[in-house]
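For any residue, its number in this note's numbering is found by taking its place in the sequence shown, counting from 1, and adding 4.
Derived by calculation from the structure, the hints in this document are not laboratory data.
The calculated label-pair distances, taken between Cβ atoms and stated as ranges, are: (1) 25 to 53: 31 to 39 Å; (2) 45 to 98: 30 to 38 Å; (3) 79 to 5: 15 to 23 Å; (4) 31 to 54: 35 to 43 Å; (5) 26 to 50: 28 to 36 Å; (6) 98 to 55: 35 to 43 Å; (7) 79 to 47: 15 to 23 Å; (8) 5 to 25: 17 to 25 Å; (9) 98 to 39: 24 to 32 Å; (10) 79 to 53: 28 to 36 Å; (11) 50 to 101: 33 to 41 Å; (12) 84 to 9: 19 to 27 Å.
Derived DSS-like pairs (lysine-lysine); straight-line CA-CA distance at most 25 Å: (13) 83 to 44; (14) 6 to 83; (15) 99 to 6.
Just so you know, even glycine gets a beta-carbon here, dropped at the ideal spot from N, CA and C.
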Amino acid sequence: MKSVLITFDQAFYDRVIAILDRNSCRGFSYVEDVRGRGSKTGDPHYGSHAWPSMCSAIITVVEDDRVDRLLEMLHRLDKSTEQLGLRAFVWNIEKSI
5 MKSVLITFDQ AFYDRVIAIL DRNSCRGFSY VEDVRGRGSK TGDPHYGSHA WPSMCSAIIT
65 VVEDDRVDRL LEMLHRLDKS TEQLGLRAFV WNIEKSI
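With the sequences and hints as input, model every part of the structure.
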């Protein structure tokens with residue numbers, strides 16, 4: 005099992021959920037308002053007057069064989085509008101209850 009943390013501009017919410025659905029990633033936790041900025045490019049997401057946009061984050065746990073396709077689809081979404089920003093990070097899940 006792998007954990008995938010997806011951070012994204014709030015404008016991507018419906019499309020990220022659709023990607024999770026297409027990959028049979030049923031369970032996830034969603035955090036609506038996340039602030040931050042990319043490490044290399046993209047606009048900051050601070051929710052302020054100067055930088056009004058906000059990010060969200062989803063964390064999901066998926067079977068190992070679903071990770072590559074999920075990341076590929078997320079990467080295509082990010083490339084479609086790079087300035088908005090989308091990142092995904094994968095960790096091993098050692099144990100769960």
